[in-house]
Amino acid sequence: MITKEEVEHVGWLARIEIDAKQSDAYAEKLNSVLDYFGQLDEVDTEDVPPTYHVMDVVNVFRKDEVKESMPQEDVLANTEHKKEGNFKAPKIM
Amino acid sequence: MAAWTDISGIRQKIADSSAEEVTASYIETIKQSKINGFTTTWDEAINIAREIDAKGHEGPLAGVPIAIKENISTKGLSTTCSSKILQGYVPPYDAHVIEKLKEAGAVIIGKTNMDEFAMGSSTESSCYGPTLNPWDHERVPGGSSGGSAAVVAAGEVPVSLGSDTGGSVRCPAAFCGVVGLKPTYGCISRYGLISYANSLEQIGPLATNVADIAAVMDVVAGYDNRDSTSINRENNYSAALKDDVKGMKIGVPDEYFGEGIDEKVNNAVWDAISKFEDMGATYEKVSMPHTKYALAAYYIIAMSEASSNLARFDGTRYGLRVEGDNWHVMASKTRAEGFGPEVQRRILLGTYALSAGYHDKYYLKALKVRTLVKQDFDKALANVDVLMAPTMPAHAFKMGEKINDPLSLYLADVNTVPINLAGVPSISVPCGLVAHEMPAGLQIIGKHFDENTIIKAAYSFEQNTDYHTERPKGVQ
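Those protein sequences? They're chains A and B, same order as listed.
Take the first sequence: its letter number 85 is residue 85 in my numbering, and every next letter is one higher.
Take the second sequence: its letter number 67 is residue 67 in my numbering, and every next letter is one higher.
The following block holds chain B by itself, in its conformation from the complex:
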């Protein structure tokens, strides 16, 4: 039966039996899955586990199974961004994070489903079909890293990697009742992450608890000269796992509790803030006046960057090719057939926003608004240690509810995208069940490269509450 086991529990199991047995048992659980969270499982996993047994379980994640989002390159293992245009593509190299995980002894067990090219908040736009929310199969798991969150919540793997461009780790973490971290921009190398909006996105871990998030960060974070935006600084994330928020100053931005927020989610987050007060922290209200413009600025920037980043998928070197009389016709037909409707819309809007006559009105304007949004964070975080807000304004919505109305889907991201515009770190932790017994997420936002303060806050919250013990039906 599927169960939540943390990394230290897994390491104990491996010591008592073997990495091979532990891997085999997870593969068995995945085979019986009903949520379509995995796109592929890796046949090599069991052999790698056997090698790790032979080597004597060296490395901080020796034998620990991990699932990887479909947009992170894995040598020899299909990586498609859940898109028809990349069907059959097998990367000839590993992403930086995969190299690090392998060095640490982790076992890559398979790839996880996502919204096509990470463009969405529901994992419904995947060419492999939607992933189901393990709490309620009629609801979405969030997105775009919906597969990575759902498989952790369903007990099919202890930890996973996702990517977060505008909330794609934190949204599914909140909707699936698990923990997800979007690190500071530049913290984890993006080498081998298939780009969607390169100035906004970061790879981030998902797990059932905060300590496992820190353990994965200790392995995957760090400098890599193959990503020119990688920042060179050392950090020990696990050192932040202390139950101590005495004197911590919390800022609560009014704008994140605005129009459209579900009452029960609102109450759950305020209960969490009260809990922090009981634990010795203090809070004050802060104002971030440009929040209401962040969503439009985010989408303009993300779509503009996407229109450039996705130009490489033209049928020439990999993936789908639809024949045509000349290269332009071939590329145009390939892209019309290979990209789904939402990806096409975003490429078209991004191309439009960058085109002559509209560049200043849309793209340049959005970059200026980005400066104002970032200044809001600088000002707010100058006086407090962390900011707290709901990760998502509501619990997971029903499948099919928003997929045909792009704008209503975009509006769900209102509390997550400002963080990516500013590049600051943010962690989502479960803060209780709300309507329909669905989980809600508390978002704790920190200063640039101050992951340790938000990890400490999240860990302390976990130690003093029982929310992280809630799990979907049928999962132990």
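Looking at chain A on its own, in the form it has when it is part of the complex:
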């Protein structure tokens, strides 16, 4: 069971502001899904390795070559919040 307080904490971790008034409603919907997920407890997975990816591809390397990158103005074209070639954001601390 996920509690109202946990919903607010997870909201903070996920950087989604959750109004205290909404957190009850959220908890109810999330719990109905988590109850359903609980059915996996009945599967015996002892000694079963996890599958992160279905293809056996590991360590895909490429040559360390300098290539042309996207022009800075193209990268910054999707925001009004920029200054001297950088993205501009409010203070982080």
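I should point out that these hints are in silico values taken from the structure, not numbers from a laboratory.
Do not rely on the hints blindly, as some may be mistaken.
[Claimed, not checked] Dumping the calculated DSSO-like pairs for lysine-lysine here, alpha-carbon to alpha-carbon at most 27 Å:
{"no.": "1", "chain 1": "B", "residue 1": "K333", "chain 2": "A", "residue 2": "K21"}
{"no.": "2", "chain 1": "B", "residue 1": "K398", "chain 2": "B", "residue 2": "K249"}
{"no.": "3", "chain 1": "B", "residue 1": "K473", "chain 2": "B", "residue 2": "K34"}
{"no.": "4", "chain 1": "A", "residue 1": "K4", "chain 2": "B", "residue 2": "K402"}
{"no.": "5", "chain 1": "B", "residue 1": "K13", "chain 2": "B", "residue 2": "K34"}
{"no.": "6", "chain 1": "A", "residue 1": "K21", "chain 2": "A", "residue 2": "K4"}
{"no.": "7", "chain 1": "B", "residue 1": "K264", "chain 2": "B", "residue 2": "K398"}
{"no.": "8", "chain 1": "A", "residue 1": "K88", "chain 2": "B", "residue 2": "K333"}
{"no.": "9", "chain 1": "B", "residue 1": "K84", "chain 2": "A", "residue 2": "K21"}
{"no.": "10", "chain 1": "B", "residue 1": "K473", "chain 2": "B", "residue 2": "K13"}
{"no.": "11", "chain 1": "B", "residue 1": "K447", "chain 2": "B", "residue 2": "K242"}
{"no.": "12", "chain 1": "A", "residue 1": "K83", "chain 2": "B", "residue 2": "K13"}
{"no.": "13", "chain 1": "A", "residue 1": "K29", "chain 2": "B", "residue 2": "K249"}
{"no.": "14", "chain 1": "A", "residue 1": "K67", "chain 2": "B", "residue 2": "K447"}
{"no.": "15", "chain 1": "A", "residue 1": "K4", "chain 2": "B", "residue 2": "K333"}
{"no.": "16", "chain 1": "B", "residue 1": "K34", "chain 2": "A", "residue 2": "K91"}
{"no.": "17", "chain 1": "B", "residue 1": "K398", "chain 2": "A", "residue 2": "K88"}
{"no.": "18", "chain 1": "B", "residue 1": "K275", "chain 2": "B", "residue 2": "K242"}
{"no.": "19", "chain 1": "B", "residue 1": "K13", "chain 2": "A", "residue 2": "K29"}
{"no.": "20", "chain 1": "A", "residue 1": "K82", "chain 2": "B", "residue 2": "K84"}
{"no.": "21", "chain 1": "A", "residue 1": "K67", "chain 2": "B", "residue 2": "K102"}
{"no.": "22", "chain 1": "A", "residue 1": "K83", "chain 2": "B", "residue 2": "K31"}
{"no.": "23", "chain 1": "B", "residue 1": "K398", "chain 2": "B", "residue 2": "K34"}
{"no.": "24", "chain 1": "B", "residue 1": "K102", "chain 2": "B", "residue 2": "K55"}
{"no.": "25", "chain 1": "A", "residue 1": "K91", "chain 2": "B", "residue 2": "K333"}
{"no.": "26", "chain 1": "A", "residue 1": "K82", "chain 2": "B", "residue 2": "K447"}
{"no.": "27", "chain 1": "A", "residue 1": "K29", "chain 2": "B", "residue 2": "K292"}
{"no.": "28", "chain 1": "B", "residue 1": "K34", "chain 2": "B", "residue 2": "K55"}
{"no.": "29", "chain 1": "B", "residue 1": "K13", "chain 2": "B", "residue 2": "K31"}
{"no.": "30", "chain 1": "A", "residue 1": "K88", "chain 2": "B", "residue 2": "K75"}
In this text, all values refer to a predicted model and were calculated from it rather than measured experimentally.
Take the given structure of chain A and dock chain B to it, following the hints.
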């Protein structure tokens, strides 16, 4: 009037008139659309068609109009994942598949509607409003590539691209009575596909017939070093278009005909399997015992990956920004306002499943169950050439019926998500009209990188039945 025309028919029309005329006529059809399948049409399309005329129709798809799902990056053309958080975003680069389509001479005619960030099976959660099913405007077209399927079914474009994370190409193909392919994981580069659940999803084509699916695959599939999961192997998909299933061994997994399956859909799929027997194939029942756990494992993995992939939408570099005193407040407010309810739920659940204390119980457990589901496929496909099952357990549901109950919506995906967990290819083809004159889909599943066997089976079925000639009212 809107009509189904296949790629060879379009190429003939272009030879008789011009790519410009063909493009203009599709744009006219789209303007009169009542189904809200397109989010935008591209103003440049007509100029590009004119250039293709000037160049003399080079390339396998020269002048052929194609529609692209809202989550595939198109340089200079808005790409929003049908989300408020990406409003106004115009990609500065093309996805790999778009580069390939342009090289082949295809004309990108516009972008198609989807469930927000591909999270849904009904195309109702789009910030542009729902897409209507062309067969019955009160019903959903399926999802999440609902726009891409609906515009093909409505004759507004001959072919389209969607993406399939847990059934998002096959579900709308089945609900809209068209053909849709989810290729093997690694077959098509995901470079430029905006990630939702990166270990599960593949771009896939939708069309009115199997030959057009193969024609698009011949263009868009192939190795790309910008996607580290891209697999380097050559294939000719159109070479599989043979009417020959003699001796083909079909496996029919009981678990895909379980609780909740509509009787008429069940019958339509069994009729299809009988047809394959008449055509010289044989079938046997197979058991895939972990199928019942696939849905929960799928959703845990998809939500966990989503919580990480969607972290980039924070108001800093593109899209919506809601101001706040510091970066955390700005990001939290932006994401609360920019993401719709289902996307928020999935991010929260994914964050929870990955958080300290719950990681092993949910995420790691789901990855282990994924191994068991994949082993079911390995075992079943070791003895047969293909598996056959209903794509969806029922025909398209009514708009509004499931949108407020997330779990009931998830349950609709029960027959499509195991395929993504295993990474195998699967094609959905129409197999007749069921209740309310709505189409049903037959799902043909193959071995890793054995697209050609499922394409051959689907093509043979099409050649020996008339189901693919059924189309929505008002479409020729």
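Now the hints, each set against the structure:
Of the pairs offered as hints, the one joining B:K333 and A:K21 holds, with about 16 Å between alpha carbons and a cut-off of 27 Å not exceeded. The hinted pair formed by B:K398 and B:K249 fails the criterion: a straight-line CA distance of about 37 Å is larger than 27 Å. For the given pair, B:K473 sits about 13 Å from B:K34 by alpha-carbon distance, which is consistent with the 27 Å threshold. Using a Cα cut-off of 27 Å, the hinted pair A:K4 and B:K402 holds, with the two alpha carbons roughly 25 Å apart.
Proximity of B:K13 to B:K34 is assessed by CA-CA distance (about 25 Å); at most 27 Å being required, the pair is judged to hold. With a CA separation close to 10 Å, the supplied pair A:K21 and A:K4 stays within the 27 Å bound. About 17 Å separates the Cα atoms of B:K264 and B:K398, which keeps this hinted pair within 27 Å; it holds. Among the hinted pairs, A:K88 with B:K333 is consistent with the structure: their alpha-carbon atoms are about 17 Å apart, no more than 27 Å.
Annotation: proposed proximity of B:K84 to A:K21 holds, straight-line Cα distance about 23 Å (limit 27 Å). A threshold of 27 Å between alpha carbons decides the hint, and for B:K473 with B:K13 the separation of about 24 Å falls inside it, so the pair holds. The suggested pairing of B:K447 with B:K242 holds, with an alpha-carbon distance near 18 Å, which does not exceed 27 Å. Straight-line distance between C-alpha atoms of A:K83 and B:K13 comes to about 52 Å, which puts the hinted pair past the 27 Å bound.
Using a Cα cut-off of 27 Å, the hinted pair A:K29 and B:K249 is violated, with the two alpha carbons roughly 44 Å apart. Among the hinted pairs, A:K67 with B:K447 is inconsistent with the structure: their alpha-carbon atoms are about 38 Å apart, more than 27 Å. Between A:K4 and B:K333 the CA atoms are separated by roughly 19 Å; this keeps the pair inside 27 Å, and the hint holds. The straight-line distance between the Cα atoms of B:K34 and A:K91 is roughly 47 Å, outside the 27 Å bound, and the hint therefore fails.
Taking the CA atoms of B:K398 and A:K88, the gap is near 45 Å; set against the 27 Å cutoff, the hint is violated. For the given pair, B:K275 sits about 16 Å from B:K242 by alpha-carbon distance, which is consistent with the 27 Å threshold. Our distance criterion of 27 Å between C-alpha atoms is broken by B:K13 and A:K29, whose separation comes to about 53 Å. With a C-alpha separation of about 21 Å, the suggested pairing of A:K82 with B:K84 holds against the 27 Å cut-off.
Annotation: proposed proximity of A:K67 to B:K102 holds, straight-line Cα distance about 23 Å (limit 27 Å). Using a Cα cut-off of 27 Å, the hinted pair A:K83 and B:K31 is violated, with the two alpha carbons roughly 41 Å apart. Restraint check for B:K398 and B:K34: the C-alpha separation of about 17 Å stays at or below 27 Å, so the hint holds. With a C-alpha separation of about 13 Å, the suggested pair B:K102 and B:K55 falls inside the 27 Å cut-off, and the hint holds.
A threshold of 27 Å between alpha carbons decides the hint, and for A:K91 with B:K333 the separation of about 15 Å falls inside it, so the pair holds. Under the criterion of a C-alpha separation no larger than 27 Å, the hint pairing A:K82 with B:K447 is inconsistent with the structure, at around 49 Å. As the CA atoms of A:K29 and B:K292 are separated by approximately 22 Å, the hinted pair is consistent with the 27 Å bound. Proximity of B:K34 to B:K55 is assessed by CA-CA distance (about 35 Å); at most 27 Å being required, the pair is judged violated.
For the suggested pair B:K13 and B:K31, the alpha carbons sit about 21 Å apart, so the restraint of at most 27 Å is met. Pair hint A:K88 plus B:K75 holds up; C-alpha atoms about 24 Å apart against a cutoff of 27 Å.
Of the numbered hints listed earlier, those contradicted by the structure are 2, 12, 13, 14, 16, 17, 19, 22, 26 and 28.
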